[in-house]
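Peer 1: Take a look at the letters that make up each chain.
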Amino acid sequence: KQEVTQIPAALSVPEGENLVLNCSFTDSAIYNLQWFRQDPGKGLTSLLLIQSSQREQTSGRLNASLDKSSGRSTLYIAASQPGDSATYLCAVRLLSGGSNYKLTFGKGTLLTVNP
Amino acid sequence: SAVISQKPSRDICQRGTSLTIQCQVDSQVTMMFWYRQQPGQSLTLIATANQGSEATYESGFVIDKFPISRPNLTFSTLTVSNMSPEDSSIYLCSVEGGDGTYEQYFGPGTRLTVT
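Going down the list, the sequences are from chains A and B. Sequential numbering of the first sequence, starting at 2, is according to the working numbering. Sequential numbering of the second sequence, starting at 99, is according to the working numbering.
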């Protein structure tokens with residue numbers, strides 16, 4: 002059974018700081034990995050999608066990396082802003098087993114960026 | 099990408115009653131997914147809804163408690179039946195993008211409080 006762990010559970014940083022969020026997963030036979038942002042009481046916004054054959058993806062100030070062999074992904078946020086404050090969720094999609102459509106989510110990292 | 103809307107956005111319901119949540123997508127999709135997010139927890143898949151067939155429920159979720167309809171390729175409903183306070187959660191509708199990447203998109207969620 003795939004398990005996804007996100008560290009740290011919460012992070013508070015001053016504005017302008019660069020930061021890294023971590024995600025680890027137990028089953029390396031993944032199809033892809035997706036990072037989401039969730040604002041309080043709201044739905045999920047897709048940030049970055051990394052296919053299993055890729056090593057990283059970038060979007061603006063965000064960079065996500067994937068090391069499938071070690072079961073790890075990181076989300077790097079450059080020059081953080083108060084508007085980045087949210088919960089960041091990592092989700093992996095299994096490659097096979099008849100459930101390749103199912104995502105397994107981590108519990109998320111609650112990020113607070115202080116002005 | 100896909101744009102998903104949900105109704106209602108939030109509701110407060112009494113124990114023992116039922117609530118039907120609607121999900122509308124701006125494009126035709128094969129599968130629609132319903133997730134639950136309990137307070138302080140990550141997302142858990144309730145069921146997958148294919149148009150024209152019975153929904154497939156995950157372990158721990160049953161049709162009598164969470165009946166699902168999928169009348170066409172852009173719409174689905176989830177009913178939470180005979181509610182108890184333990185059903186207080188955010189319920190999220192989700193679809194996959196149709197470009198073969200299996201990127202997942204989520205609706206804004208329905209925040210349900212059962213008193």
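Worth flagging that the hints you see were computed from the coordinates, not collected in a lab. Check the hints yourself; a few may be wrong.
[As the list claims (entries may be wrong)] Think about it this way: if two alpha-carbon atoms lie no more than 30 Å apart in a straight line, the pair counts; the simulated DSS-like pairs of lysine-lysine are:
hint: 1; chain 1: A; residue 1: 69; chain 2: A; residue 2: 103
hint: 2; chain 1: A; residue 1: 43; chain 2: A; residue 2: 108
hint: 3; chain 1: B; residue 1: 105; chain 2: B; residue 2: 163
hint: 4; chain 1: B; residue 1: 105; chain 2: A; residue 2: 69
hint: 5; chain 1: A; residue 1: 103; chain 2: A; residue 2: 2
hint: 6; chain 1: B; residue 1: 163; chain 2: A; residue 2: 108
hint: 7; chain 1: B; residue 1: 163; chain 2: A; residue 2: 43
hint: 8; chain 1: B; residue 1: 105; chain 2: A; residue 2: 108
hint: 9; chain 1: A; residue 1: 69; chain 2: A; residue 2: 2
hint: 10; chain 1: B; residue 1: 163; chain 2: A; residue 2: 103
hint: 11; chain 1: A; residue 1: 2; chain 2: A; residue 2: 43
hint: 12; chain 1: A; residue 1: 108; chain 2: A; residue 2: 69
hint: 13; chain 1: B; residue 1: 105; chain 2: A; residue 2: 2
hint: 14; chain 1: A; residue 1: 103; chain 2: A; residue 2: 43
hint: 15; chain 1: A; residue 1: 108; chain 2: A; residue 2: 2
hint: 16; chain 1: A; residue 1: 2; chain 2: B; residue 2: 163
[As the list claims (entries may be wrong)] Which residues of chain A face chain B? A partial, calculated answer using Cβ under 10 Å:
hint: 17; residue: 12
hint: 18; residue: 33
hint: 19; residue: 35
hint: 20; residue: 43
hint: 21; residue: 46
hint: 22; residue: 50
hint: 23; residue: 52
hint: 24; residue: 77
hint: 25; residue: 104
hint: 26; residue: 106
hint: 27; residue: 107
hint: 28; residue: 108
In this text, all values refer to a predicted model and were calculated from it rather than measured experimentally. Note that the Cβ used here is the ideal one computed from N, Cα and C, for glycine as well.
Peer 1: Report the numbers of all earlier hints that the structure fails to satisfy, in ascending order.
Peer 2: 4, 13, 17, 24
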